[in-house]
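Novice: Kindly generate the complete structure, drawing on both the sequences and the hints.
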Amino acid sequence: DVKVTQSSRYLVKRTGEKVFLECVQDMDHENMFWYRQDPGLGLRLIYFSYDVKMKEKGDIPEGYSVSREKKERFSLILESASTNQTSMYLCASSTVRLHYEQYFGPGTRLTVT
Amino acid sequence: AQSVAQPEDQVNVAEGNPLTVKCTYSVSGNPYLFWYVQYPNRGLQFLLKYITGDNLVKGSYGFEAEFNKSQTSFHLKKPSALVSDSALYFCAIESPSSGSARQLTFGSGTQLTVLP
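Protein chains in written order, with this note's numbering: chain A, 1 to 113; chain B, 1001 to 1116.
Hints listed in this document are in silico derivations from the structure and should not be mistaken for laboratory results.
By construction, the Cβ of each residue, glycine as well, lies at the ideal position given by its N, Cα and C atoms.
Any given hint could be a false lead.
Partial pick of chain A residues on the chain B-facing surface, computed with a CB cut under 8 Å [claimed, not checked]: (1) N31; (2) G42; (3) L43; (4) L45; (5) F48; (6) Y50; (7) L90; (8) H99; (9) Y100; (10) E101; (11) Q102; (12) F104.
In silico DSSO-like pairs for lysine-lysine, Cα to Cα no more than 27 Å straight-line [said to hold, decoys possible]: (13) A:K3 - B:K1049; (14) A:K3 - B:K1058; (15) A:K70 - A:K53; (16) A:K71 - A:K57; (17) A:K71 - B:K1049; (18) A:K57 - B:K1049; (19) A:K57 - A:K3.
Specialist: Listed below in structure tokens is the structure:
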């Protein structure tokens, strides 16, 4: 069974803290993605990666960075968390072998106070 | 550039009645089309996809969708709705001819409520 896991389901951080969100997939997918989901705004792509050490900016990369040192792991980093980064964060992976159908993790609900 | 529109933010239907969740798209070339469902506080789950071939695609939980190239639509349907179908539904598109072929573009989502 395919699986995408995220390090935390719920996370509470203070303004200015550095925050790491981790995503791991066990399907040998080459592509990985980070989205944020906010009510009324749908899913917005933050960053994606199509190979180890490769990354591309999505629609809203400001305030975020990513790291992909191993194929199965894709990390999202909030360098200095702010209250407007309170959101649901979703990780996904895909492969050309399955026509880029994306598999999603359960999400991390991040609250920045 | 490709885009997806879900014209209805909210759809209400009585249990046992047929349901339709609408999706239209704009893309150059032949698209790959997807439907996902999201239950509260969960990630998105794949329902079905259209890649090529038969325009009627059958997916999980009794859902189906029809690809209509002339109307650029990919509406999600189910003959008889269940209360447990109540969730947020997303349509998505990926164009093999686009420069960023690895991305999906998602619609804004439609909240489906099935009333008992």
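Novice: Using Cβ atoms only, decide whether L43 of chain A comes closer than 8 Å to chain B, and label the hint accordingly.
Specialist: holds, 5 Å
Novice: Within a Cα-Cα threshold of 27 Å, do K70 of chain A and K53 of chain A meet the stated pairing?
Specialist: Holds - the C-alpha atoms of K53 of chain A and K70 of chain A are around 8 Å apart, at most 27 Å.
Novice: Is the interface hint satisfied for L90 of chain A? The criterion is a beta-carbon contact with chain B at less than 8 Å.
Specialist: Given a least distance of 6 Å, the restraint on L90 of chain A holds.
Novice: Quick check on the hint: H99 of chain A CB to chain B CB, less than 8 Å?
Specialist: holds, 5 Å
Novice: Should the interface hint for L45 of chain A be scored as holding, given a Cβ-Cβ cut-off of 8 Å against chain B?
Specialist: Holds - the Cβ of L45 of chain A comes within 8 Å of chain B, reaching about 7 Å at its closest.
Novice: Taking only the CA atoms, is the gap from K3 of chain A to K1049 of chain B under or equal to 27 Å?
Specialist: holds, 19 Å
Novice: With chain B as the partner, please determine if Q102 of chain A meets the hint condition of a C-beta pair closer than 8 Å.
Specialist: At about 6 Å, which falls below the 8 Å cut-off, the nearest Cβ of chain B leaves the hint on Q102 of chain A intact, so it holds.
Novice: Does the interface hint hold: is G42 of chain A within less than 8 Å of chain B, judged Cβ to Cβ?
Specialist: holds, 4 Å
Novice: Sort out whether K1049 of chain B lies within 27 Å of K57 of chain A, counting only the CA atoms.
Specialist: Between K57 of chain A and K1049 of chain B the Cα gap is close to 26 Å, so the pair holds against 27 Å.
Novice: With 8 Å as the cut and Cβ atoms as the points, is E101 of chain A at the interface with chain B?
Specialist: Check passed: Cβ of E101 of chain A comes within 6 Å of chain B, closer than 8 Å.
Novice: Does the closest beta carbon of chain B sit nearer than 8 Å to the beta carbon of Y50 of chain A?
Specialist: holds, 5 Å
Novice: Hold the hint about N31 of chain A up to the distance rule: shortest CB distance to chain B must be less than 8 Å.
Specialist: Result: holds, 5 Å to nearest chain B Cβ.
Checked against the numbered hints given earlier, this structure breaks none of them.
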